[in-house]
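Chain by chain, the residues run as shown.
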Amino acid sequence: MKWGQYVLGALIIAAIVHFAAIIAVPRVLMNVAMQRFGEDGDNVWHLAERITVASQKIVRSSPDFAYSACVYDLSNGPVVIAAAPWDEYWSLSLYGDNTDNFFVIDDREAHHGAEITLIKRGTPHPDGASMIVESPSTRGIALMRRLAPTASTYSAAADVAREDVCAAVVQPAN
Amino acid sequence: MLRRILAWTAAVIAGVVLGLCSAWAVLKFGGSSFTEHYGHWVFSRAAGSTGADPYTRAIIAREGLLALSAREAVYFSLYTDEHDRPLSESCVYELNGRPLDARWWSVTLYADDNYLARNTDSAHSIDATRAGNDAAWVARISPVRGDTTNWLSSREARRGFVIMLRVYNPQRDFHPSEAALPVLTTVSCAGDTP
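Chains as they are written, first to last, in my numbering: chain A, 1 to 174; chain B, 175 to 368.
Hints may contain errors.
[Claimed, not checked] Covered stretches of chain A (chain B as the covering partner; in silico rule of three or more C-beta atoms under 8 Å from a C-beta of chain B):
id, stretch
1, 13–22
2, 92–103
[Claimed, not checked] Covered stretches of chain B (in silico footprint by chain A; criterion: 3 or more residues with CB under 8 Å from a CB of chain A, positions within the stretch not fixed):
id, stretch
3, 175–184
4, 257–270
[To be verified] Derived lysine-lysine pairs resembling DSBU-like cross-links, with alpha carbons at most 35 Å apart:
id, chain 1, residue 1, chain 2, residue 2
5, B, K202, A, K120
6, A, K57, B, K202
7, A, K57, A, K120
If you are wondering where the hints come from, they were derived from the structure by calculation, not from laboratory data.
Glycine included, C-beta positions come from ideal geometry on N, C-alpha and C.
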């Protein structure tokens with residue numbers, strides 16, 4: 001009977017550790033990705049090198065895309081994210097810190113590019129912003145994909161990507 | 175008293191080990207519980223979804239971090255050949271595809287760690303801009319190029335590999351099915367008797 005309490009205790013601990021690990025995995029992996037993409041700091045685009053064996057930073061990257069990533073941080077207020085248009089397929093997607101893809105817009109919907117104001121869910125909407133998107137988490141990743149399967153198209157996409165914007169909104173002084 | 179402390183210590187250690195091992199097992203082998211199968215292609219509509227449950231989210235984070243939601247793109251993975259054998263760099267395969275009801279598609283080869291195989295031949299993928307999406311196409315998956323136009327190199331996969339099909343901007347008419355997706359055929363394997 002005595003051993004029963006130890007076995008029961010071990011099973012309860014196993015269940016807690018199991019669920020904690022399952023819930024932690026996406027956040028841990030997102031944190032690793034945010035560290036890798038955020039080498040230049042938060043709220044700034046990081047243009048990835050053309051995806052090769054040497055340059056790939058996360059699992060299952062596509063060598064056919066020119067990727068840009070911005071680690072956004074809303075702890076000091078909204079962030080403006082703008083995507084310059086590209087002749088081929090492009091999309092801007094936003095991911096919360098639990099990996100959820102909570103927003104995506106592509107060239108079918110925004111042929112001439114896109115500009116969004118990203119705010120933390122539950123905070124006041126800023127005045128004058130044309131498209132406001134609410135993030136479920138304070139930090140996350142904005143990811144641009146531009147179809148560029150060859151070296152020359154990647155080079156052209158990289159030039160366009162330099163026009164993208166990811167920047168904290170300057171708060172008016174009180 | 176000391177015996178009790180030792181027993182509880184052992185129970186805690188056993189619980190932690192059991193919890194971590196079971197979580198690892200779920201991540202490693204649990205993908206099949208929420209996936210759909212079309213022939214040998216494995217598909218998860220939950221990738222990137224905000225409605226994904228914690229298990230789905232954890233498995234996809236490990237295998238396909240930063241996946242797009244199904245509205246934008248759908249992803250299919252191929253782990254085995256037509257005989258249910260794991261894909262191997264010691265074999266030559268042929269992949270036959272038809273036009274897909276989508277704007278763009280690509281097929282990419284990843285090593286078993288889900289990163290690009292460490293090839294230096296720049297033959298990691300083929301896509302609709304090169305193979306076309308208005309007629310049937312064929313690609314060869316092999317360690318050496320040979321005379322094929324569309325080649326996916328498995329040269330440095332080393333411990334097996336996975337083939338991933340990306341379908342971007344799927345049309346409303348796009349319904350995954352065994353008949354619609356590319357068909358893999360084993361041409362030969364090293365050691366096969368001629």
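Hints, verified against the model:
Using a Cβ-Cβ cut-off of 8 Å, 10 residues of the stretch 13–22 of chain A lie near chain B, which meets the minimum of three, so the contact claim holds. Counting residues of the stretch 92–103 of chain A whose beta carbon lies closer than 8 Å to any beta carbon of chain B gives 7, which reaches the threshold of three, so the coverage claim holds. Coverage of a stretch by a chain is defined here by at least three residues with a beta carbon nearer than 8 Å to that chain's beta carbons; for the stretch 175–184 of chain B and chain A the count is 3, and the condition holds. Residues of the stretch 257–270 of chain B with a Cβ under 8 Å from some Cβ of chain A number 0, which does not satisfy the need for three, so the listed coverage is violated.
Of the supplied pair hints, the one linking B:K202 and A:K120 holds, its CA atoms being roughly 34 Å apart against a limit of 35 Å. Distance check on the hinted pair: A:K57 and B:K202 sit about 21 Å apart at the alpha-carbon level, within 35 Å; holds. A distance of roughly 27 Å separates the Cα atoms of A:K57 and A:K120; the hinted pair therefore holds under the 35 Å criterion.
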